[in-house]
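Chemist: Assemble the complex: chain H is given as a structure, and chain Z with the ligands must be docked to it using the hints.
Chains as they are written, first to last, in numbering that gives the first Met the number 0: chain H, 0 to 246; chain Z, 0 to 271.
For the record, the hints were derived by calculation from the structure and aren't laboratory data. Certain hints may be false.
Which bits of chain H does chain Z cover? Going by a derived footprint, with three or more residues having C-beta under 8 Å, they are [unchecked claim]:
hint, segment
1, 75–82
2, 113–127
3, 146–156
4, 200–208
Negatives, chain Z to chain H, calculated, CB over 10 Å [to be verified]:
hint, residue
5, ARG85
6, ILE101
7, PHE173
8, LEU176
9, GLY208
10, ARG235
Where a beta carbon is used, it is the ideal one built from N, C-alpha and C, also for glycine.
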Amino acid sequence: MSEAAVVVDDVSKKFRLYKEKNDSLKTALMRGRRSVHEDFWALRDVSFEVPEGSTFGLVGRNGSGKSTLLKCLAKILYPNSGSITSKGKVASLLEVGSGFHPELSGRENVYLNGSILGMSRKDVARKFDEIVEFSGVRKFIDQPVKNYSSGMYVRLGFSVAINVDPDVLVVDEILAVGDAAFQAKCKEKFAEFRRAGKTVILVTHSMGNIRDMCDHAAWLDNGTLRQVGDAQSVMSAYTADIGKGDR
Amino acid sequence: MTYLSELFASRELFYNLTMRDVKGKYRRTVLGQLWSLINPLATMLVYTLVFSFIFRARPSEGDPSGLDIYPLWLMTGLLPWMFFTRVVNGGMSSVIGNGGLIKKVYFPRMHLPFSVAGSVGYTWAIEMGVLTVALTVFGGMPLIWVPVALVFMVMLALFALGLAMLLAIGNVYFRDLQHFTTIALQMWMYLTPIIYPIHLVEDQAERHGQWILDVYKLNPMERFVSVFRELLYDNRWPDLSDSLVCVAWTVVMFTLGFLVFKRSEKRLAELL
Ligand SMILES: Nc1ncnc2c1ncn2[C@@H]1O[C@H](COP(=O)(O)OP(=O)(O)O)[C@@H](O)[C@H]1O
Ligand SMILES: [Mg+2]
Numbered sequence: 000m001s002e003a004a005v006v007v008d009d010v011s012k013k014f015r016l017y018k019e020k021n022d023s024l025k026t027a028l029m030r031g032r033r034s035v036h037e038d039f040w041a042l043r044d045v046s047f048e049v050p051e052g053s054t055f056g057l058v059g060r061n062g063s064g065k066s067t068l069l070k071c072l073a074k075i076l077y078p079n080s081g082s083i084t085s086k087g088k089v090a091s092l093l094e095v096g097s098g099f100h101p102e103l104s105g106r107e108n109v110y111l112n113g114s115i116l117g118m119s120r121k122d123v124a125r126k127f128d129e130i131v132e133f134s135g136v137r138k139f140i141d142q143p144v145k146n147y148s149s150g151m152y153v154r155l156g157f158s159v160a161i162n163v164d165p166d167v168l169v170v171d172e173i174l175a176v177g178d179a180a181f182q183a184k185c186k187e188k189f190a191e192f193r194r195a196g197k198t199v200i201l202v203t204h205s206m207g208n209i210r211d212m213c214d215h216a217a218w219l220d221n222g223t224l225r226q227v228g229d230a231q232s233v234m235s236a237y238t239a240d241i242g243k244g245d246r
Numbered sequence: 000m001t002y003l004s005e006l007f008a009s010r011e012l013f014y015n016l017t018m019r020d021v022k023g024k025y026r027r028t029v030l031g032q033l034w035s036l037i038n039p040l041a042t043m044l045v046y047t048l049v050f051s052f053i054f055r056a057r058p059s060e061g062d063p064s065g066l067d068i069y070p071l072w073l074m075t076g077l078l079p080w081m082f083f084t085r086v087v088n089g090g091m092s093s094v095i096g097n098g099g100l101i102k103k104v105y106f107p108r109m110h111l112p113f114s115v116a117g118s119v120g121y122t123w124a125i126e127m128g129v130l131t132v133a134l135t136v137f138g139g140m141p142l143i144w145v146p147v148a149l150v151f152m153v154m155l156a157l158f159a160l161g162l163a164m165l166l167a168i169g170n171v172y173f174r175d176l177q178h179f180t181t182i183a184l185q186m187w188m189y190l191t192p193i194i195y196p197i198h199l200v201e202d203q204a205e206r207h208g209q210w211i212l213d214v215y216k217l218n219p220m221e222r223f224v225s226v227f228r229e230l231l232y233d234n235r236w237p238d239l240s241d242s243l244v245c246v247a248w249t250v251v252m253f254t255l256g257f258l259v260f261k262r263s264e265k266r267l268a269e270l271l
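Looking at chain H on its own, in the form it has when it is part of the complex (with noise of 0.2 Å):
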């Protein structure tokens, strides 16, 4: 096995489910309301590696903890103990076009979307044309972004967000969106990732898209993990527990 792209090192995270909350200052001072939690473990005890150039699928059943964990390589969340460590720069695919203004334009939100995912203005100015090819709205681009079907808005902010020429790429259940063409210009540029060397970690709940995509694959049961290993046999282990029917 080559290098590891990311080490996932028994991460746990933990979120406060707040039974009373009290988010006001008014019953706070009044009449000394405090919130009321029970702590939720949403990962705990993980630890796996991401080797340096492969595609990963990350499966599990809903509330698994797979978001969760993205978040943390994505350095939006921060876990209670453990660590991640991450070779060369990490980009995440989880929610696109957010940032947009409306107001602006098309073009002028490219470029403010790129520096929100940390590119420089003379990175975005280089892949302009080729961001706005691959949306697919280069007619609208001086249009304000308000004007703009949810399907182009979608494929504005994925173009840029995959653009960005990362060496670890996350994305979290994407490939839901937009019709089935840009669907396979995803999957394409997901493949062209992978032939220059980098690592792809994704999470999706179709199981065509893990067997044709990834060669690795580590699944999520409760925020623990069940297993990791080579995409063929996690994704059997998986299909079987499902198959079980217990839940």
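Modeler: Below, chain Z with the ligands without anything else, positioned relative to chain H:
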């Protein structure tokens, strides 16, 4: 990479977020940027009518500029105040207002309040420019004092930012803090000698006790307003103790806001 160097490395984001606000605000309104001047002008007219014409507030003549024009005197204090409140209000809500972004993308979150100060500061700079021209037209000599005034403008921006960052974090825990802040700022404005001259307070202090004036001077905004008036309206060096107090407040408030924000920044995504 240390926190500060990361912040500096992503300065392009600061610029882009600032321009998003600047461009987004006045895009596709007929008068465009001119709108930003109408609000202060309308306020100037109303305050002049009420406080100069009806209540007869009489600020002392500019020394040595010789200016004696209430609306101009008013604006030299009111524009910094309006900048201050806009940064505090805008910076405070910038974290919650961009919750969607914070939960979806990693970037140094401090650019959110910073860019509010940037875009509000952009408008303020234009307003102060117009005011400087007006002061010159009516016989003052504010131009040579502009460089010093710029230093104090940066200081006021940092002071306001420090408070805004503190409140932005507080607002995440207590969502009604915004309402309290609005009320507090309203009272704060009337307790600061902006629309009436400080000598009215001095008169009362002579009658009822020196402590009144001492309490008044605890207000950092009183110091800032008085420095801007001395520079631009009176055209002289600001009082040394006022200047030092401004520096001290700026350092303390900005450092406090910066540290509190930095400490809470990592937890923002799950708190929102
Ligand atoms: N910010 C949050 N606060 C509290 N609980 C959360 C938060 N985010 C996720 N959770 C909980 O953590 C668990 C894992 O969620 P998630 O990672 O989104 O699962 P998945 O993506 O695998 O469906 C869920 O039970 C969810 O309710
Ligand atoms: Mg999920």
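Chemist: All hints are to be evaluated individually against the structure, with a verdict given for each.
Modeler: Verification of the supplied hints:
1. Judged by the Cβ-Cβ criterion of 8 Å, the segment 75–82 of chain H is covered by chain Z as claimed, because 3 of its residues qualify and three suffice.
2. A count of 6 residues in the segment 113–127 of chain H with a Cβ less than 8 Å from any Cβ of chain Z is obtained; the coverage claim is therefore met, three being the minimum.
3. Residues of the segment 146–156 of chain H lying with their CB closer than 8 Å to a CB of chain Z number 0, which falls below the three-residue condition for coverage.
4. Against chain Z, the segment 200–208 of chain H contributes 0 residues with a C-beta closer than 8 Å to a partner C-beta. That does not satisfy the three-residue criterion, and the hint is violated.
5. Every beta carbon of chain H lies more than 10 Å from that of ARG85 of chain Z, the smallest distance being close to 19 Å; the non-interface claim holds.
6. A cut-off of 10 Å between C-beta atoms contradicts the statement that ILE101 of chain Z is not in contact with chain H; the least separation is 8 Å.
7. Taking the minimum C-beta to C-beta distance to chain H, about 4 Å, the non-interface status of PHE173 of chain Z is violated against the 10 Å cut.
8. Once the 10 Å rule is applied to beta carbons, LEU176 of chain Z is inconsistent with being away from chain H; the minimum gap is 6 Å.
9. Every CB of chain H lies more than 10 Å from the CB of GLY208 of chain Z, the least distance being 32 Å, so the non-interface label holds.
10. A cut-off of 10 Å between C-beta atoms confirms that ARG235 of chain Z is not in contact with chain H; the least separation is 43 Å.
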